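A.B. asks: Sequence:
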Amino acid sequence: MQRVIGWLAAAIIVTFVFGSAYFTLQQLGRRAANDAPTAAAAAQVAVMGFPAPSAPRLELTPDSGVFVIVYGADNQPMSGTATLHGTLPVLPAGVLEAARRSGSDAVSWQPEPGLRIAVVARPAGDQVVVAGQSLKPTEDRNWMVLIFLSAAWLGSMIVLALGYGATEIIRGRSLRYPRLPMGLV
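Just so we're on the same page, my numbering is the position in the sequence shown counted from 1, plus 6.
Hints were generated in silico from the structure; no laboratory data involved.
Note that the coordinates shown come from a computational prediction; the quantities given were computed from them, not determined experimentally.
Check the hints yourself; a few may be wrong.
[What the hints assert, rightly or not] Pairwise CB distance ranges (calculated):
(1) L64 to V20: 39 to 47 Å
(2) T93 to F154: 52 to 60 Å
(3) A17 to I153: 17 to 25 Å
(4) A27 to G131: 42 to 50 Å
(5) M84 to S108: 51 to 59 Å
(6) T89 to L14: 52 to 60 Å
(7) A79 to P117: 18 to 26 Å
(8) A167 to V96: 49 to 57 Å
(9) R63 to Q116: 19 to 27 Å
(10) S162 to T89: 18 to 26 Å
(11) V96 to G131: 14 to 22 Å
(12) T89 to A17: 46 to 54 Å
(13) R9 to E103: 54 to 62 Å
(14) P117 to F154: 28 to 36 Å
[To be verified] In the EDC-like style, the derived pairs of lysine to aspartate or glutamate whose C-alpha atoms are separated by at most 16 Å in a straight line are:
(15) K142 to E174
(16) K142 to E65
(17) K142 to D80
Built from N, CA and C at the ideal position, the CB exists for glycine as well.
With these hints in hand, go ahead and build the complete structure from the sequences.
C.D. replies: Here it is as structure tokens:
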């Protein structure tokens, strides 16, 4: 029974290690999704007060890249480089207010089913600059990490099961065929 407990403890430890690795890699990937929007928001805040360059607007899709939208004091979009169904999207007012209170806010925003966006909001006077990008590439990488780690975990469980089986076979043989002392052979 103690041998079984030892092997089960090893399986639990291996499971914990792979689970922790997935959680860590998933969180690193999600936090990295904020990097480009943070840089875009900082760049926009730096040029506030200058005439905004005319940039083509992209439609927000699961494959869209980095975009910037400036919201006024009334939390309504004033200008931006992205649209949702042809109009500037309206971010929840709580995100804009949190950015004004704390100096920035970073959230995952889902304006509609199937469209998740990493958003960073930074205040600029009474306005708020919001930059974002689709989370689909990050979520696709997370899925691949999950598949790889699951395969490695399954392989580890097979190795543990084979190790347990081998020790039980060896133990069973040693009970059936005890070793003779050296001088009696």
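A.B. asks: Quick check: which numbered hints come out false for this structure?
C.D. replies: 2, 5, 10, 15 and 17
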